[in-house]
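There are 4 protein chains.
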Amino acid sequence: MHKVPVGVLGASGYAGRELCGLIARHPKLELAFASANEQRGQRYRMGSSEVTYVAAEDAPLSSAEIVFTALPHGASAKWVGNARSTGARVVDLSSDFRPGVGESATNAPYGLTELMREKIPGADIVANPGCYPTAILLAIAPLLKEGWVMPGATINVSAASGVTGAGYSARPDLLFAEVAEDFRAYAVGNEHRHLAEMQAVTKELGGRNNDILFTPHLLPVSRGILATITVPVEQHTEDPSLLWRDCYNGEPFIEIADQPPSLRDVVRRNVVRLSVTKAANVRQPTLIIISAIDNLMKGAAGQALQNANILLGLSEQAGLPA
Amino acid sequence: MHKVPVGVLGASGYAGRELCGLIARHPKLELAFASANEQRGQRYRMGSSEVTYVAAEDAPLSSAEIVFTALPHGASAKWVGNARSTGARVVDLSSDFRPGVGESATNAPYGLTELMREKIPGADIVANPGCYPTAILLAIAPLLKEGWVMPGATINVSAASGVTGAGYSARPDLLFAEVAEDFRAYAVGNEHRHLAEMQAVTKELGGRNNDILFTPHLLPVSRGILATITVPVEQHTEDPSLLWRDCYNGEPFIEIADQPPSLRDVVRRNVVRLSVTKAANVRQPTLIIISAIDNLMKGAAGQALQNANILLGLSEQAGLPA
Amino acid sequence: MHKVPVGVLGASGYAGRELCGLIARHPKLELAFASANEQRGQRYRMGSSEVTYVAAEDAPLSSAEIVFTALPHGASAKWVGNARSTGARVVDLSSDFRPGVGESATNAPYGLTELMREKIPGADIVANPGCYPTAILLAIAPLLKEGWVMPGATINVSAASGVTGAGYSARPDLLFAEVAEDFRAYAVGNEHRHLAEMQAVTKELGGRNNDILFTPHLLPVSRGILATITVPVEQHTEDPSLLWRDCYNGEPFIEIADQPPSLRDVVRRNVVRLSVTKAANVRQPTLIIISAIDNLMKGAAGQALQNANILLGLSEQAGLPA
Amino acid sequence: MHKVPVGVLGASGYAGRELCGLIARHPKLELAFASANEQRGQRYRMGSSEVTYVAAEDAPLSSAEIVFTALPHGASAKWVGNARSTGARVVDLSSDFRPGVGESATNAPYGLTELMREKIPGADIVANPGCYPTAILLAIAPLLKEGWVMPGATINVSAASGVTGAGYSARPDLLFAEVAEDFRAYAVGNEHRHLAEMQAVTKELGGRNNDILFTPHLLPVSRGILATITVPVEQHTEDPSLLWRDCYNGEPFIEIADQPPSLRDVVRRNVVRLSVTKAANVRQPTLIIISAIDNLMKGAAGQALQNANILLGLSEQAGLPA
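Protein chains in written order, with the working numbering: chain A, 1 to 322; chain B, 1 to 322; chain C, 1 to 322; chain D, 1 to 322.
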């Protein structure tokens with residue numbers, strides 16, 4: 001059976017490795033190359049399969065129909081161009097082409113698949129969303145579209161991520177003995193680099209002067225994001241979760257849960273799992289949305305593959321564990 | 001040197017054990033008894049010292065000048081009465097005598113020491129605060145007293161606690177394999193049993209129709225609470241942290257930090273460590289307070305001992321690791 | 001496509017749950033029932049599929065071609081009989097039918113698949129091996145068969161297991177706060193209940209008065225077993241690993257590694273991964289074998305499914321992640 | 001009250017930081033300087049006290065009566081010389097002056113305090129033992145001295161250490177996401193750099209051609225070492241633990257336990273905790289010793305301070321948590 005050759009640039013980071021593993025198990029794709037400059041020549045094992053890294057400049061870009069770029073922010077745009085010049089289509093996991101990231105605003109559609117699906121098939125470049133924006137925007141989109149959010153109200157997001165969200169870099173603050181038994185906020189003061197991406201898309205989805213106040217935290221777990229989102233609303237229905245069930249009806253990768261989701265519900269799965277609860281004991285009507293994803297799956301490699309499946313006309317679910 | 005005899009009822013739970021350990025190392029106190037009904041007759045070792053549990057009904061209550069009651073909520077009030085009837089003074093770690101907990105409203109002062117210090121010395125019973133309320137109320141008290149909080153605004157609290165906060169009970173959901181690599185919200189919908197305690201004290205401290213919206217989470221760590229608190233304000237100063245520095249000037253157990261605190265800053269210490277940051281990128285002026293405590297120390301046993309030191313006329317810091 | 005109906009008795013424990021998850025994803029099997037007496041009526045979710053537990057006595061045993069019994073040791077034999085009486089064949093995950101376990105010695109072949117494969121196809125009952133014996137016996141079998149072990153020498157095994165090895169039981173010593181940041185030996189003194197199983201099979205495989213000295217430890221991880229085995233030998237070859245490579249040539253679920261394996265090499269995979277190293281700096285020639293498995297996969301549910309595949313004439317690898 | 005000034009060279013590593021913390025709380029010592037070349041000028045907080053790092057070359061060596069050198073192996077000898085030349089006495093935490101480490105064999109006594117106590121008081125340099133040797137040598141010394149070990153027999157040691165044992169270095173293999181939920185052996189093949197130290201001291205203590213076969217493992221915990229030691233013996237008494245109780249009678253930092261110790265028994269304490277058990281079900285009489293220490297306390301900083309207390313004529317227990 002013919003398999004479609006795809007390549008991964010930046011394959012030694014956590015998202016890149018996850019992507020290589022997914023491709024190795026994908027029924028219709030095969031890995032044409034995997035680049036990692038510092039580890040060039042080294043082998044990386046994924047279960048019973050294996051890949052040998054090449055330097056990015058030695059990667060046979062033209063051999064791939066799709067190139068995934070999982071390079072650091074800022075370093076990606078150039079390689080997206082290189083891949084495009086060989087005719088490959090690109091799914092870019094960096095922030096370089098995402099909304100709200102300034103000069104790189106392009107025609108690349110934003111690959112938040114469930115909300116932007118119709119723009120993907122014909123794209124040359126897909127800007128794969130950030131992990132936090134995926135968890136948060138899919139959670140609040142129905143509210144924004146339906147116009148329930150109190151105009152001018154701040155959407156409050158307290159989120160926590162496993163350490164793979166910080167990437168595979170040998171930083172002393174990410175050593176086991178520094179992270180275990182700890183929990184800390186970072187980018188405190190609404191300064192996280194994902195904020196502009198979320199603000200831009202919130203506006204596009206119908207936000208009415210709704211700012212996002214976002215405080216991320218570092219969890220002593222390897223993978224997973226849990227976002228706790230409180231939204232002041234001017235209206236809602238008796239069972240507000242029906243809005244989400246209706247909005248995401250039939251979506252294979254979105255689960256509306258009766259109970260608040262936890263990381264273990266989503267880890268190693270390409271899903272967003274959500275719960276919606278009305279706040280008791282407050283005068284201002286408020287909804288509390290808990291949203292959980294695996295930052296490396298739906299938050300990175302899984303969603304990238306979901307977008308690649310669409311680009312290639314394959315089943316959107318091909319090769320993706322639900 | 002004469003040491004003051006004190007007793008602990010409910011000494012096999014996490015707070016009770018911590019308390020026994022603190023008493024064993026305290027320069028002026030000695031442990032008269034430690035009760036644990038199910039473990040009666042068993043020995044419990046704390047470093048190089050040891051205690052043998054007795055049943056509560058066999059505890060020589062009259063031998064203690066102070067009795068600490070670390071019993072389950074609801075079960076404490078009766079034993080507080082028993083201890084009082086022997087003439088002992090009581091520091092009660094349960095919620096039975098705390099503000100907002102309905103029928104048990106009494107004359108017992110609320111032992112949030114730094115805010116209520118002057119009421120403690122003459123008390124017969126001190127209602128030791130809950131762990132979450134300690135972290136949160138000490139964080140927002142300066143704001144409330146100073147009148148900075150926007151009238152009618154909701155104070156949003158997303159907090160996370162280590163598993164000892166759930167007590168030493170053999171619940172399957174607290175097994176290692178269920179908690180490790182997970183993170184979950186609980187009491188979602190503003191339904192936590194500590195809420196009433198926080199609402200009542202918030203009002204007392206000067207809240208102007210300010211509701212608290214509180215979402216706690218369970219962390220895969222043994223101990224520590226981190227609360228991320230966002231407060232819409234109608235005014236503040238250029239460096240808002242000066243308000244806290246001023247308010248808590250000279251307090252040995254409150255630290256105002258330049259950087260957001262993390263659990264490892266406070267674990268095994270009887271302190272609250274706080275940071276205050278202005279939110280960028282939002283129209284509504286908002287302060288973000290990060291508050292960290294050790295739930296078993298400042299959140300339970302440490303604060304109980306701090307209150308006992310006051311009751312006994314000892315240095316408030318005696319036997320407490322800062 | 002017709003799928004073969006299979007049932008699981010004792011489906012709420014860790015091994016039972018793992019088995020239900022594997023069956024749900026198996027291309028040729030379907031779950032006829034899953035029993036869990038205490039959770040009867042409750043639903044259990046495995047990714048995107050779900051099962052509703054029934055009481056064992058309500059399980060439609062006759063609807064299943066294979067019944068897996070994942071019941072506590074001692075409680076299994078009766079239900080194996082019940083299942084057999086309806087004509088189902090049984091893979092028993094308890095120790096009730098294993099070698100060395102006294103009165104229950106039967107004709108049930110021992111399902112250490114790679115060593116006993118020819119005895120499985122015609123069996124009515126397969127005694128699925130224990131998790132530690134799987135890791136250890138597959139590691140030392142080539143040595144025993146080849147006659148390399150020093151006669152009379154003790155085979156020293158220090159092994160460590162994740163907490164799911166202790167089962168899903170609400171024991172206080174298995175709470176997160178008791179296990180995290182800890183490491184402890186148990187059954188110290190060569191008293192572990194798996195010892196007889198290992199001694200019996202060691203003898204059968206060619207041991208010459210070779211006792212096993214086995215010290216297990218509890219790891220603060222959820223799953224995985226690592227066994228460090230030192231074997232005094234009277235002979236070996238220049239590259240001793242060739243013996244294992246030869247002995248297990250073509251085995252899909254046994255990996256002979258150049259570097260010592262670690263848990264992350266095997267977790268969620270149905271493999272044993274082994275390394276063999278000659279000890280330097282000792283006078284007595286000694287081999288050090290490191291053996292790693294996932295206790296819930298190759299150590300329980302995965303191997304059980306491997307045996308069921310053989311019983312049903314399916315590919316041995318069907319539905320098993322390598 | 002006059003306090004003795006002491007200095008720490010290499011104060012940013014885990015052992016160095018632990019030492020600074022101990023000194024800060026020591027009743028008779030004060031910190032004259034703490035060096036850390038890369039962090040020069042940075043402050044490091046230990047609870048409520050703080051230190052500012054200087055470069056080693058800027059450290060006022062002559063201001064200290066004792067200098068602790070917690071520098072990397074190989075880099076220490078030079079600085080020990082520098083410190084000596086100012087008249088300071090030195091406790092060296094590196095391996096540079098330890099037995100078995102070749103050319104640096106000197107007159108520095110080996111600071112395994114309980115066994116070598118009489119050699120410490122007059123020393124200029126004390127070679128502080130490695131963490132593994134401390135746990136293992138104190139465990140087997142009574143056996144060796146008493147002549148119980150089978151002549152020529154191999155002493156088998158399987159030990160596991162928390163990640164601080166690998167030092168505070170930003171190695172990718174020590175990142176949280178690489179260590180959590182994992183367990184791995186290292187230096188497999190009896191090649192660990194601590195082996196020579198253990199072999200040399202074993203011989204000195206009375207070993208009769210007894211080799212040590214040592215396999216260390218990396219635990220997903222921050223601190224603590226547990227060593228599982230099996231020793232073939234030619235004789236022992238009915239209750240073999242009496243040998244240890246007798247040998248270590250009155251030692252404040254050695255505990256002989258009835259139950260096998262675990263890491264939580266010793267973490268943050270300057271003790272070795274041991275159990276001794278006869279192996280059942282083996283023909284060769286064998287004792288199993290489980291030995292637990294905190295690698296940063298009795299295994300490094302605590303023992304260094306214990307030796308410094310002796311050098312200074314202070315109580316050996318001063319400033320050390322038992």
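Hint data in this document are derived by calculation from the structure and do not stem from the laboratory.
Keep in mind that a hint or two might mislead.
The list treats identical chains as interchangeable, and a pair is accepted whether it falls inside one copy or across any two copies.
No more than 30 Å apart at the CA atoms, straight line, and that leaves these computed lysine-lysine pairs for DSSO-like [what the hints assert, rightly or not]:
#1 Lys278 / Lys119
#2 Lys78 / Lys203
#3 Lys119 / Lys145
#4 Lys278 / Lys203
#5 Lys278 / Lys78
#6 Lys119 / Lys78
#7 Lys3 / Lys28
#8 Lys203 / Lys145
#9 Lys3 / Lys145
#10 Lys203 / Lys3
One pair to classify: Lys78 and Lys203, alpha carbons no more than 30 Å apart. Within, between, both, or neither? within (29 Å within a copy, 57 Å between copies)
Quick one: Lys3 to Lys28, C-alpha cut-off 30 Å, is that within a copy, between copies, both, or neither? Result: close both inside a copy and across copies, 5 Å intra and 25 Å inter.
Alpha-carbon proximity context of Lys3 and Lys145, limit 30 Å: neither (39 Å within a copy, 44 Å between copies)
With identical chains treated as interchangeable, where does the CA-CA distance between Lys119 and Lys145 reach 30 Å or less: within a copy, between copies, both, or neither? within (18 Å within a copy, 53 Å between copies)
Up to 30 Å between alpha-carbons, please classify Lys278 paired with Lys119: within, between, both or neither. neither (34 Å within a copy, 38 Å between copies)
Can you tell me if Lys119 and Lys78 fall within 30 Å by alpha carbon in one copy, between copies, both or neither? within (23 Å within a copy, 60 Å between copies)
Within, between, both or neither, where Lys278 and Lys203 count as close if Cα-Cα is 30 Å or less: Both, since 24 Å and 23 Å are each at most 30 Å.
Intra- versus inter-subunit Cα pairing at 30 Å for Lys203 with Lys3: neither (40 Å within a copy, 50 Å between copies)
Homo-oligomer pair classification [Lys78, Lys278; C-alpha up to 30 Å]: Neither way: Lys278 and Lys78 sit 46 Å apart in one copy and 36 Å across, limit 30 Å.
Given a CA cutoff of 30 Å, do Lys203 and Lys145 count as a within-copy pair, a between-copy pair, both, or neither? Result: close within a single copy only, 10 Å intra versus 37 Å inter.
Comparing the model with each earlier hint shows violations of hints 1, 5, 9 and 10; every other hint is respected.
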